[in-house]
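Please take these sequences and the hints and turn them into a complete structure.
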Amino acid sequence: MFSNDEGKLTISELRQFKGFENIPEDEATNIINTLYKLTLIAYNEIITNSKDLKNE
Amino acid sequence: MSNQYFKQFITKKDEKVELKKDVLAYTRVSSKNQEDNYSLENQEANILRFAKDNDFNIIDTFGGTYESAKSDLTRKEFQELLNYIGKMKKKPYAILVNVIDRFSRTGGNAIGLVDNLILEKKVHLIEATTGISTENERQRLQIYNKLIKAREENLDRIDRTKPGLISHLKNGKNLGHAPRGYDHYGPKVRDYAKIEGKQRIVINAEGLLLKKAWKWKLEGDLDFEIIKKLKKEGLSVSKQFISAMWKRPFYCGISTNSMLDDAVNGTWEPLISVQDFMKVQELLKRKSGYQIEKTNNARPLMRHLKCAECGAPLTGYEVKKKKLHYYTCQKCKGVTLNANNTMKSKSNGAHEMYADLLRNYELPDNLTVPFKEQIKKVYDSLNNVNHNSDKLLNNRLEKLRNKLISLTDKYINDDFEGDIYKSMKSNIEKEINEINAELGVTQNKISNLDLLIEKTILISKNISKSWVCGDYETKIQMQNLVFPSGIVYDSKKRQYLTKNSNAIFSEIRDVVRVSRGQKKDDSSNFLESSSVVAGARLELTTFGL
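Protein sequences, first through last, are from chains A and B.
For the first sequence, our numbering gives the first residue as 1, with consecutive numbering after it.
For the second sequence, our numbering gives the first residue as 57, with consecutive numbering after it.
Misleading hints may appear alongside valid ones.
Cross-link-like lysine-lysine pairs, in silico, DSSO-like; alpha carbons within 30 Å at most [stated by the list, open to error]: (1) B:K517 with A:K37; (2) A:K37 with B:K295; (3) B:K285 with A:K37; (4) A:K37 with B:K287; (5) B:K271 with A:K37.
The hints are simulated quantities; they were obtained by calculation from the structure and are not laboratory data.
And the structure:
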């Protein structure tokens, strides 16, 4: 799921937010990747919990 | 006194009335062209005639297609014949072939194989055209000579055809089967639907999934994680396959056939670029520099922690009597720490120390708005992926159900022994249950965007707690997110040294420090260099001890 850019914010989208207008490209990329991965971790957590609930 | 008296002591072989002997027939041709020129029919007709004349009962026939006999292991029908004999409760008397070279052209290997059939299974080999059989010692030698001769003929043929094959390879064509992930079209393929005038090798549906596997590998995923992810998408691969795939240049479009002196560019579409293939080789080399411990759910920090003295990753072990887990450096003496807090130990365990460390790392508030936007995008994307994933899982389920029905049919027809059937059935049922469970989960996938936003923000605001409560995979993912290069453990000070944390989380660390009355760095940059932060962090003793 981490493999493609589908579902990730783009740098230009990030730069539209207040405070991020002038953020350098490499820092923006890191922010986007981190936010993306955090979202996936949360997503997997929810899925795992719902799996556990089902098994109980 | 006449010797007539002793005649009674001469033992004669029982002259029983021989029952009709059960035999198996095997036919083959070595190329597609031969398949169409009645060669197979001729072989079958000769074998049938011979069986009839000699009162043999042909109970099953194998082959009937083209398979090259230069290797015994790669011949599907031939292997099926041998497996079938292995599984048969009552072994057949012999295998009938039209001429010996139809059986094999591997020479010495074939002799070993025939010897094994005779001695272990009591199954003979008979040549229908001459009637010679391995049951007779002298004829057995003749058969062995013929097997050697067949090998010699094969070597002569290779010498004649080799220049043509080399030229074929130099033109970027592939020899033999294309590996998993590709469909092979051309003049010499097994599948009739794929016969074409010129060779064409194209990426198939499996290939698209394997393409993802390469990317996951580049992102640092472990093989077992990749296998799991592929399975979720409906593709089962073994760890042996995946490990062999990383070392196969075919996947980056390069041919390295042993007949070539130099590697050449293939004409097929690669799954990954040459640069990425080389990066994977570097990853593999790095890992082979030291012994990789198996993953252990009780020790998520293995390999993530590095020894401050030598830089090697810490491995782990369990003292089973005490049921206690430890992390240790394989190279340095005395670098060992308990994984968890214990009643006896005054110091915190590695996990408690790690949770303390993570308390200083949270996502800053100014990222909340873009974060919510990111969550929305992932939500839309995942819903789309889930739809496709369910489709793949349902297809796989259908295939497994059919496989189970066919297996049961074969069992009823007495093709398998009970134990083999039970074991195969249990494996299929296990996989069906896993897919059903997976489908159950996917059908229950997040249907509420607000829930995803709430949960994700909560995790990002409390990384430490999420790490403590998360399962093994979550722990690993979070560790790698906050400390992509791992963290160093200083056994003398008994603390973690965090040189290379993710810059996003570093900022929070400084906010925490400012709120505690410490001076923040002058850096006006939103994400200051992590190396600057690292220098300050070494002084902190809020964790450990």
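- Query: In ascending order, which of the hints set out earlier in this document are inconsistent with the structure?
  - Reply: Hints that this structure does not satisfy do not exist here, as all of them hold.
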